[in-house]
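Line by line, the protein sequences give chains X and P.
For what it's worth, the numbering used here labels the leading residue of the first sequence as 60, then goes sequentially.
For what it's worth, the numbering used here labels the leading residue of the second sequence as 60, then goes sequentially.
Just so you know, nobody snuck in bad clues.
Dumping the calculated SDA-like pairs for lysine to any residue here, alpha-carbon to alpha-carbon at most 20 Å:
1. X:K219 <-> X:S328
2. P:K114 <-> X:Q379
3. P:K279 <-> X:D137
4. P:K257 <-> X:S159
5. P:K114 <-> X:F377
6. P:K242 <-> P:R362
A partial selection of chain X residues facing chain P, derived with a Cβ cut-off under 7 Å:
7. Q68
8. I70
9. T111
10. Q149
11. S163
12. F164
13. I167
14. Y168
15. S169
16. Y189
17. V251
18. L371
19. N373
20. T376
21. Q379
Cβ pair distances, simulated, as ranges:
22. X:K302 <-> P:D103: 47 to 53 Å
23. P:D258 <-> X:P211: 24 to 30 Å
24. P:I212 <-> X:N260: 27 to 33 Å
25. X:N260 <-> P:R209: 28 to 34 Å
These are calculated hints, taken from the structure and not from any lab test.
In this text, all values refer to a predicted model and were calculated from it rather than measured experimentally.
Just so it is clear, CB atoms sit at the ideal spot from N, CA and C, and this is done for glycine as well.
Below are the chains, spelled out letter by letter.
Protein chains: 2
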Amino acid sequence: MAEKRIGQQTIILSNPPRIISHHCTVGPMEGRGPLAKYFDDILDDDLLGQTTPEKAELAILEQTINKTLNKKSLFVQDIQFYIAGDLLNQIISANFSARSIDTSFLGIYSACSTFTQGVGLGAILIDGGYADKVLSATSSHYQTAERQFRYPIELNVKRKPTNQHTVTGAGAVVLASDGDGPKITSVTFGKVIDLGIKDVNDMGSAMAPAAIDTLTQHLKDTGRTVGDYDLILTGDLSRQGKKMFTILAKDAGLSLGEKHQDAGVMIYSPQQPVGAGGSGCACSAVVTIGYVFKEMVQGKYSRVLIIATGALTNALTFQQGESIPGIAHAIVIEV
Amino acid sequence: MAEKRIGQQTIILSNPPRIISHHCTVGPMEGRGPLAKYFDDILDDDLLGQTTPEKAELAILEQTINKTLNKKSLFVQDIQFYIAGDLLNQIISANFSARSIDTSFLGIYSACSTFTQGVGLGAILIDGGYADKVLSATSSHYQTAERQFRYPIELNVKRKPTNQHTVTGAGAVVLASDGDGPKITSVTFGKVIDLGIKDVNDMGSAMAPAAIDTLTQHLKDTGRTVGDYDLILTGDLSRQGKKMFTILAKDAGLSLGEKHQDAGVMIYSPQQPVGAGGSGCACSAVVTIGYVFKEMVQGKYSRVLIIATGALTNALTFQQGESIPGIAHAIVIEV
Numbered sequence: 060m061a062e063k064r065i066g067q068q069t070i071i072l073s074n075p076p077r078i079i080s081h082h083c084t085v086g087p088m089e090g091r092g093p094l095a096k097y098f099d100d101i102l103d104d105d106l107l108g109q110t111t112p113e114k115a116e117l118a119i120l121e122q123t124i125n126k127t128l129n130k131k132s133l134f135v136q137d138i139q140f141y142i143a144g145d146l147l148n149q150i151i152s153a154n155f156s157a158r159s160i161d162t163s164f165l166g167i168y169s170a171c172s173t174f175t176q177g178v179g180l181g182a183i184l185i186d187g188g189y190a191d192k193v194l195s196a197t198s199s200h201y202q203t204a205e206r207q208f209r210y211p212i213e214l215n216v217k218r219k220p221t222n223q224h225t226v227t228g229a230g231a232v233v234l235a236s237d238g239d240g241p242k243i244t245s246v247t248f249g250k251v252i253d254l255g256i257k258d259v260n261d262m263g264s265a266m267a268p269a270a271i272d273t274l275t276q277h278l279k280d281t282g283r284t285v286g287d288y289d290l291i292l293t294g295d296l297s298r299q300g301k302k303m304f305t306i307l308a309k310d311a312g313l314s315l316g317e318k319h320q321d322a323g324v325m326i327y328s329p330q331q332p333v334g335a336g337g338s339g340c341a342c343s344a345v346v347t348i349g350y351v352f353k354e355m356v357q358g359k360y361s362r363v364l365i366i367a368t369g370a371l372t373n374a375l376t377f378q379q380g381e382s383i384p385g386i387a388h389a390i391v392i393e394v
Numbered sequence: 060m061a062e063k064r065i066g067q068q069t070i071i072l073s074n075p076p077r078i079i080s081h082h083c084t085v086g087p088m089e090g091r092g093p094l095a096k097y098f099d100d101i102l103d104d105d106l107l108g109q110t111t112p113e114k115a116e117l118a119i120l121e122q123t124i125n126k127t128l129n130k131k132s133l134f135v136q137d138i139q140f141y142i143a144g145d146l147l148n149q150i151i152s153a154n155f156s157a158r159s160i161d162t163s164f165l166g167i168y169s170a171c172s173t174f175t176q177g178v179g180l181g182a183i184l185i186d187g188g189y190a191d192k193v194l195s196a197t198s199s200h201y202q203t204a205e206r207q208f209r210y211p212i213e214l215n216v217k218r219k220p221t222n223q224h225t226v227t228g229a230g231a232v233v234l235a236s237d238g239d240g241p242k243i244t245s246v247t248f249g250k251v252i253d254l255g256i257k258d259v260n261d262m263g264s265a266m267a268p269a270a271i272d273t274l275t276q277h278l279k280d281t282g283r284t285v286g287d288y289d290l291i292l293t294g295d296l297s298r299q300g301k302k303m304f305t306i307l308a309k310d311a312g313l314s315l316g317e318k319h320q321d322a323g324v325m326i327y328s329p330q331q332p333v334g335a336g337g338s339g340c341a342c343s344a345v346v347t348i349g350y351v352f353k354e355m356v357q358g359k360y361s362r363v364l365i366i367a368t369g370a371l372t373n374a375l376t377f378q379q380g381e382s383i384p385g386i387a388h389a390i391v392i393e394v
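Isolated chain X (complex conformation) (with noise of 0.2 Å):
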């Protein structure tokens, strides 16, 4: 039984679950990029040999987690739970990846922030008692999110130097209440913070006043300090973002230096056409997945804080003159 958090927010698992399986699966442009030796797959072709963008992200989400269940000999009839969420309206992606899962299905929407709100929901079903094994995914695609959040890709718009780019890709993970591989130990679920900002061509410092907020939440609810983390990885800040989340961090009394990482910025080269970096669910789920835990394995890093953001805005809405607010939900990994 896990603690009460009266005033708090950040839970800590008693029965902390493991990470047995997971798989990450990135597109061509991500292939390009600095963490291209993390990734368990690279697609040639993004669009996966399908017609169009949204079958595309689809049939990546359903590969992946195809390949994170087959790697450990899992089959759906072990899962209890399969949470998962995604970009698109409606998440259908999500949603239609669910159809030959056969488990009670849990969407979720967390915009970019997805993939730690389900991972951590996931966590405390199994910590709860209610699961054994829980499978949870997310997917973005830069042809799927462009089209539906600004302009066909055909238009050739300019982009501008704080614009993000939406990763192509997904990730999976199998959280099980044994079994070998990082533990969760503690989940911090994020407020929506909004600040105000309007401009939907720099989400990034939209969402940092969420990061920050989430991440000193944590540390007092936990009593712990930057120090006692290996590893803060935010995401998907990307280089406007990060800026932003420096600034909030040093009013806050915070000195992240280079304890601090943003996957945003990590996934792609300065010199990839990407403006301020990377985004959408995919961004966090597969730099987690594949730099963070494979850089545990090694010796690298022993505990790392995610802290995935999400921007929490439509392409209806912005014309309609709201502000863009933000949500950050955080996860503990240790090894």
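Given chain X's structure and the hints, the job is docking chain P onto it.
Using the frame of chain X, we list chain P on its own:
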């Protein structure tokens, strides 16, 4: 600690949370229907003085939440989780409503079964000791749904008799580890079920297979029969989906008779211009909060199974020839 659920989907709550406060709001059309006397608030103006239907849906949701809290002098700082979702792209009503709710937010998407997914998740968080109080809410609006999923209302597109009319309204509940009110005693999270139905003008029939799947699984998991419930409320199958549901129930050997009612059928009279009946996230929510809870207090029902249903589609995928999978999440409410 709940029972493990290997091969099952139902969680029997060992510390059943109470619904200590609830409120429901509906639009003028719903206020002219047969359930009018049960609703807490009936709006004269379905725009609630706002300039766009999206702003109106948000205002209705926020007003409903505030009344839910104020009714029992509850404060946001007493609540550990806010869980919400809606039909709009990127669940924007839910996300925006969370701007003023200073606690951990979990965004969910489960189409018109959002109400039971949210209440079910909240019940588990309390049962497991992760929270003392959880706020869960949902909303829908005829005008926002029409223009997002179908056509601008101004086009006055002729509707088919199997179409459903999206309920304008919102419902909110506060669940608590102790206090007075109906108890949530078990939760059955559904699977995504896809029989390949593609007719977007008949979502009821697309959802009926999911409702049957969840009902039969729930009965199997709990060892109960239809006779153990005073009411089995599906929603929102509507008149057309109810026909399919009744056929499938018969096939499954279930004799439902008068025990079964559907929120989408109940909320409007056959004389109202609503096609086959009501739909939308608010449909199951306001019929449960309005009708069911009040009739439970009056002694008409003591154990009710609510099976909210969702059709998993979006405005793009049906044009791409995709089918419409369904999902149904069930909760048991007892007094």
